[in-house]
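**Q** Could you build the full structure based on these sequences and the hints that come with them?
Going down the list, the sequences are from chains P and B. Each residue of the first sequence is one higher than the one before, starting from 6 at the first, in the working numbering. Each residue of the second sequence is one higher than the one before, starting from 2 at the first, in the working numbering.
Fair warning: there could be bad hints in the mix.
With a straight-line Cα cutoff of 27 Å, these simulated DSS-like cross-link-like pairs (lysine-lysine) come out [to be verified]:
# : chain 1 : residue 1 : chain 2 : residue 2
1 : P       : 24        : B       : 72
2 : P       : 24        : P       : 122
3 : B       : 68        : P       : 24
4 : P       : 52        : P       : 24
5 : B       : 3         : P       : 92
6 : P       : 104       : P       : 92
Keep in mind the hints are simulated off the structure, nothing from the lab. In this text the structure is predicted, and so the values were computed from the model without any measurement.
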Amino acid sequence: MAKRILITDDALFMRVTLKNILTQNGYEVVGEAQNGAESVAMYKQLKPDLVTMDITMPEMDGIAALKEIKSIDPEATVVMCTAMGQKNMVVEAIQAGAKDFIVKPFQPDRVVEAVGKLLAA
Amino acid sequence: MKVEYIAPFAEAAVGVFEALIGMTPERGQLKVSPSMNTMQQINVVCGLTGQLEGIVVYGMSMITADKIASKMLGQPVITFDALAASAIAELGNMVSGHSSARLASLGYECDITPPTIIRGLNVSISTTDIPAIQIPLELPDLGVFELSVSLRQRVSLAAA
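**A** What follows is the structure in structure tokens.
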């Protein structure tokens with residue numbers, strides 16, 4: 006059965022791009038959240054195998070959503086996928102439990118490699 | 002507004018265009034305006050908060066926006082719809098994100114706000130009285146992507 010992924014990004018363009026990359030590589034995109042709060046609610050409902058998480062979003066940012074998801078499910082697999090590449094942001098996300106950190110713009114291979122490695126484990 | 006604040010944006014924009022659409026823009030002449038205004042049709046506005054505060058505007062013509070969005074989407078943009086607008090907004094977000102990483106390495110930790118697109122000619126944005134520095138980036142065959150940066154050191158930090 007295909008592994009189930011929840012995409013979180015406020016930009017329609019990014020959601021479409023990520024969905025295309027993931028579905029073309031055999032994953033099932035079970036949900037698309039537009040901000041952190043939606044992502045947390047959809048995580049509870051859908052229990053995906055992996056979540057992609059943008060950081061800069063309205064309502065609730067990705068770091069806050071990551072922390073909330075990890076408090077609900079400490080085993081959650083969350084991959085940050087953001088344009089914010091500064092060191093303190095990466096450190097904060099990894100300390101909060103993110104499994105990988107992809108900086109936009111990315112090549113499709115980078116996403117496939119990160120997701121493949123985490124979901125194969 | 003210090004001139005050193007704009008270099009990270011110009012460098013970030015060049016890097017983002019190279020990674021995103023495989024094109025290297027050429028930097029044009031720097032220009033200073035007493036306040037933030039843009040003569041472009043499509044403007045992506047991002048806020049910065051933290052050790053530097055203010056706004057950054059990425060302006061371009063409608064034709065240039067269509068051409069850049071077409072490259073990003075890998076298909077021609079016939080009308081500038083929600084998906085095309087989102088691609089251009091995300092481009093602004095990427096340039097701002099990479100700029101803030103460069104600013105952090107210079108000692109200015111900043112956060113960025115989600116991008117907003119403003120359409121229309123001759124837009125004056127008067128949230129602050131900080132002068133703006135503009136730098137055009139010429140993209141071969143696509144047109145001009147204009148960076149306008151209006152930032153200052155946070156007042157409480159500058160006074161310290």
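**Q** Could you run down the list of hints and mark each one as holding or not?
**A** Hint check:
{"no.": "1", "hint": "24/P to 72/B", "verdict": "18 Å, holds"}
{"no.": "2", "hint": "24/P to 122/P", "verdict": "18 Å, holds"}
{"no.": "3", "hint": "68/B to 24/P", "verdict": "23 Å, holds"}
{"no.": "4", "hint": "52/P to 24/P", "verdict": "18 Å, holds"}
{"no.": "5", "hint": "3/B to 92/P", "verdict": "24 Å, holds"}
{"no.": "6", "hint": "104/P to 92/P", "verdict": "16 Å, holds"}
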